[in-house]
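Enquirer: Here are the chains, one letter per residue:
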Amino acid sequence: MSEKSRNERAQGLRDRLNNELQRMSLDMCVKCTICETACPVSAVNPLFSGPKFVGPQGERFRDDEPVDHSVDYCSSCGTCSVVCPQGVNVAELNSLARAVMKAEDGVPVRDRMITQTTLMGKAMTPIAPIANAVLDNKLARYAMEKVVGVHRDAPMPTARTQSLHSWLKKRPKPTKQPTRGALVYFHGCAGGYFEVEAAKKAIEVLEFIGYEVLVPEQGCCGLAEQSNGLFEQASASVRKLVKQLRTAGTDLTIISTAGSCTGMLKHEAHQILGIHDEELLDVGTRIREISEFLMELYEADELPTDFQPIEMRMPYHAPCQLKSQGIGTPAADLMRLIPGLEVLDSGATCCGIAGTYGLKKEKYETAQAVGKPLFDMVKENTDGLAACDTETCRWQIEKSSGVKTIHPIVLVHQAYGLGQATA
Amino acid sequence: MKDAVVIGAGLAGLTAALRLARAGKSVTLVTKGPGGLHLSQGTVDILGYAPDRVAAPLEAVGSLPAEHPHASVGAEAVGGAVSWLAAELGPDLLVGDPARNVNLPTAVGSIRPTALAQPSMMAGEVTGGKTFSVVGIKQIKDFPADLIAGNLARSTAPDGGALTARSAWIDLPARKGEADPTPLTYARAMDDEAFAATFAKAVAAVAGKADVVALPAVLGAKRLDVWRQVAELIGTDVCEIPMPPPSVPGIRLYDALLAKVRDAGVRFVQGSRITGFESDGDTVTSVTLAAAGGPRPLTARSFVFAPGGFESGAVDVDSKGGITEPVFGLPLTASDATPLIQSVYWGPHPLFEVGVRTDAAGRPTDAGGAVVHPNLYVAGGLIAGAERWREKSGDGVAVATAVRAADQITGGSR
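Here the protein sequences line up with chains D and H, keeping their order.
Here the working numbering is used: the first residue of the first sequence is 1, the next is one more, and so on.
Here the working numbering is used: the first residue of the second sequence is 1001, the next is one more, and so on.
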């Protein structure tokens, strides 16, 4: 606990919940129930009474009364806000309500630990083989479940022996001169430490099509802290990241392979954490998810499309926090430009993991039930691989379906003939 | 650049996008939420009242005033458009004849004319001499079986015959311990054959002898033949009665149409509003998507605008009664709502007829008939001249004007 008392913190959050502009969106709710039909959690768990019930419906009567504790079952996937035809900020209101609840009732130590993604990367990379062995060890995972509350079967990242920045320092300088100017690359915690191959390939693709890629030192966006109700920590993280990304230039496009972290910078930090800084707005408007960026080039006839064929079926899942950016599914559009690649949309709402939700022992079964239609779809339609834009979703799909799941940029990398084939 | 951007994913937008894709056009379908289908009956009304109950909707279209959107499309084209949609969706989802209305019971026991309905509803056609057993589920609050049966029993069938109806209840939770389940919860449970069988057994035990057992429309979300399974197990015809939202039959239509649209290669962008447009002279060059992280232009050669009507916020009435169309600022048939709202709740409200005038091609025009944007077409509830909820014409207007817009863009080629 920081210097602020629990009560002060709870009151501050409650004031935001009660008074901010987004509360006005409550009155736009016409009780059409569309959000409830789309909610992946209430579909599988009757203990969650649904986004409308705990949100626009209950919130009106709440004022200073305690928050309905069933809001804790909300996974923060954001689907309710995406589908709301009236523009109610359902997910944002429920995230705030959960933060109020956690500020009043206290936050489990587990939730403080699993949100420290950069720290995990920094700690695990130097001892990768040991860390991976521990995370693969049944006894260790059993102890972790009992002591910490992380489910023994929940997906865990695989530590790598080399971080992205270590690779960047050691690799030979690119020989091709940039023809299109510079871009800033945002890799996220996972790209820096766990999904290093995808991050390297993203850099190589951007360099191949003619960009200089600047990779400033960067920390965590705070999304995991935010979805666990730790708003102060999350705000500090995202503010620090914004400063770091701006050190590379204040007029360059920022490219990201971290789908959900992109959403944090584009809108969630503003709408959920209530950060209204100019710097955040600047980064939020300059950032592009990598497939979104490449499809913008394609629409402008500026993307080389002399792709080598990849003959296989590719089940593709668009993650919730990419869908909530309201840009469609650019990775599916991009992969469809590769000859031979048969991209099959999962049609599933959510994989269940929702960042850290599906790791928690009391949420694990709900998360698995949420993801089951997706896991089945992937198993039925795979030729050995599946694709998805965000890290924790990939780990969830891979762990629960047994199918290796990659970032779409890996396929673009291969189709440009860069390096060894994955598919 | 795409051939077309379609704005709105209600029945009109989905129909336009599918028709364009079937003609080989590249399409982006962009929408804030799903359109009205989740709130609909899951049937296709063409014309139910004009103002008396209509038996032959296409014939009745011929006598509508010239300002009515159906009149502008024409009875033959309306019938053709609805038949095309029915063929796309297939007889597991839509059956019936656009030239003839069927009369179906509603969730308050009134009798509602519609043109196409789902096969699970058809045994409920209200004809003289029929005996209904209306069976409710205790856990579902929006299916008042006693009220439905009571109202049917005191009604005369449209053919003049008498009706018999009684009610019964079953007590069968879909999920243990759930206090207030939605119809969708039950429909999802019915996708499991074993649950549907348990349900049928419970219904058979209370339904008694009747020509048809009327049930809440919860017979399967994905599995479309649950009604057949239940009817076989009960040994009597069954009919689904559509319920207040969330509407399972409406969701079935939405899911099927969206899947077809996506399978046809349409780019689908959900969750952001269209807030404006760019133009070159009168020609629309792009619409502005208010995505997270800033505006994104969606460029295309043609645009189909299918945002719905007042109820969707597509036509805005401000606190002083000023009426506007906020995206393109299109000319409307009225600018002041004050004199258009009547004091009688059930009376006609001319406000609901306010909308965009179009030329014969479906392009918005000003009061003098001049086309506003040569490559912009409107479809569905935004078009002026129909009080859709009163006439029961909304679905037909949506489908017919969507097909018209798509065919104008493709030059009529299929």
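To be clear, the hints were calculated from the coordinates, so they are not data collected in a lab.
One or more hints might be untrue.
To be verified - Subject to a maximum C-alpha distance of 30 Å in a straight line, what follows is the list of computed DSS-like cross-link-like pairs (lysine-lysine): (1) D:Lys361 / D:Lys399; (2) D:Lys379 / D:Lys122; (3) D:Lys372 / H:Lys1222; (4) H:Lys1002 / D:Lys31; (5) H:Lys1138 / H:Lys1176; (6) H:Lys1260 / D:Lys404; (7) H:Lys1138 / D:Lys361; (8) H:Lys1176 / D:Lys372; (9) D:Lys404 / H:Lys1222; (10) D:Lys404 / D:Lys361; (11) D:Lys404 / D:Lys146; (12) D:Lys31 / H:Lys1141; (13) D:Lys122 / D:Lys173; (14) D:Lys31 / D:Lys122; (15) H:Lys1222 / D:Lys146; (16) D:Lys399 / H:Lys1222; (17) H:Lys1138 / D:Lys31; (18) H:Lys1201 / H:Lys1222; (19) D:Lys200 / D:Lys31; (20) D:Lys404 / D:Lys379; (21) D:Lys169 / D:Lys372; (22) D:Lys404 / D:Lys122; (23) D:Lys31 / H:Lys1222; (24) H:Lys1130 / H:Lys1201; (25) H:Lys1130 / H:Lys1209; (26) H:Lys1201 / D:Lys379; (27) D:Lys372 / H:Lys1260; (28) D:Lys240 / D:Lys404; (29) D:Lys138 / D:Lys240; (30) D:Lys169 / D:Lys243; (31) D:Lys146 / D:Lys176; (32) H:Lys1260 / D:Lys379; (33) H:Lys1002 / H:Lys1260; (34) D:Lys31 / H:Lys1260; (35) H:Lys1320 / D:Lys31; (36) D:Lys170 / D:Lys404.
Claimed, not checked - Sample of chain D residues facing chain H (criterion: CB under 8 Å; computed from the structure): (37) Pro85; (38) His267; (39) Thr285; (40) Gly326.
Fair warning: this is a prediction, and the values are worked out from it, not measured in the lab.
We put the CB at the ideal spot given by N, CA and C, even for glycine.
Enquirer: Are the hints correct? Go through all of them and say.
Expert: Against the structure, the hints come out as follows:
1. D:Lys361 / D:Lys399: Satisfied, since the Cα-Cα distance of roughly 16 Å is no more than 30 Å.
2. D:Lys379 / D:Lys122: Violated - the C-alpha atoms of Lys122 of chain D and Lys379 of chain D are around 34 Å apart, more than 30 Å.
3. D:Lys372 / H:Lys1222: 16 Å, holds
4. H:Lys1002 / D:Lys31: 35 Å, violated
5. H:Lys1138 / H:Lys1176: 14 Å, holds
6. H:Lys1260 / D:Lys404: OK: Lys1260 of chain H and Lys404 of chain D at ~28 Å, within 30 Å.
7. H:Lys1138 / D:Lys361: 34 Å, violated
8. H:Lys1176 / D:Lys372: 20 Å, holds
9. D:Lys404 / H:Lys1222: Roughly 29 Å between the alpha carbons, so the hint for Lys404 of chain D and Lys1222 of chain H holds.
10. D:Lys404 / D:Lys361: Holds, at about 24 Å.
11. D:Lys404 / D:Lys146: 29 Å, holds
12. D:Lys31 / H:Lys1141: 15 Å, holds
13. D:Lys122 / D:Lys173: 25 Å, holds
14. D:Lys31 / D:Lys122: 47 Å, violated
15. H:Lys1222 / D:Lys146: Roughly 39 Å between the alpha carbons, so the hint for Lys1222 of chain H and Lys146 of chain D is violated.
16. D:Lys399 / H:Lys1222: 27 Å, holds
17. H:Lys1138 / D:Lys31: Satisfied, since the Cα-Cα distance of roughly 22 Å is no more than 30 Å.
18. H:Lys1201 / H:Lys1222: 21 Å, holds
19. D:Lys200 / D:Lys31: 47 Å, violated
20. D:Lys404 / D:Lys379: 10 Å, holds
21. D:Lys169 / D:Lys372: 41 Å, violated
22. D:Lys404 / D:Lys122: 25 Å, holds
23. D:Lys31 / H:Lys1222: At roughly 24 Å apart (the allowed maximum being 30 Å), Lys1222 of chain H and Lys31 of chain D satisfy the hint.
24. H:Lys1130 / H:Lys1201: Holds - the C-alpha atoms of Lys1201 of chain H and Lys1130 of chain H are around 23 Å apart, at most 30 Å.
25. H:Lys1130 / H:Lys1209: 12 Å, holds
26. H:Lys1201 / D:Lys379: 35 Å, violated
27. D:Lys372 / H:Lys1260: Satisfied, since the Cα-Cα distance of roughly 23 Å is no more than 30 Å.
28. D:Lys240 / D:Lys404: Given pair Lys240 of chain D, Lys404 of chain D is violated - Cα atoms ~33 Å apart, limit 30 Å.
29. D:Lys138 / D:Lys240: 37 Å, violated
30. D:Lys169 / D:Lys243: 22 Å, holds
31. D:Lys146 / D:Lys176: Not satisfied, since the Cα-Cα distance of roughly 53 Å exceeds 30 Å.
32. H:Lys1260 / D:Lys379: Given pair Lys1260 of chain H, Lys379 of chain D holds - Cα atoms ~22 Å apart, limit 30 Å.
33. H:Lys1002 / H:Lys1260: OK: Lys1002 of chain H and Lys1260 of chain H at ~19 Å, within 30 Å.
34. D:Lys31 / H:Lys1260: Holds: Lys31 of chain D and Lys1260 of chain H sit about 28 Å apart, inside 30 Å.
35. H:Lys1320 / D:Lys31: 25 Å, holds
36. D:Lys170 / D:Lys404: 28 Å, holds
37. Pro85: 3 Å, holds
38. His267: Hint holds; His267 of chain D Cβ to chain H Cβ min 4 Å, cut 8 Å.
39. Thr285: 4 Å, holds
40. Gly326: 3 Å, holds
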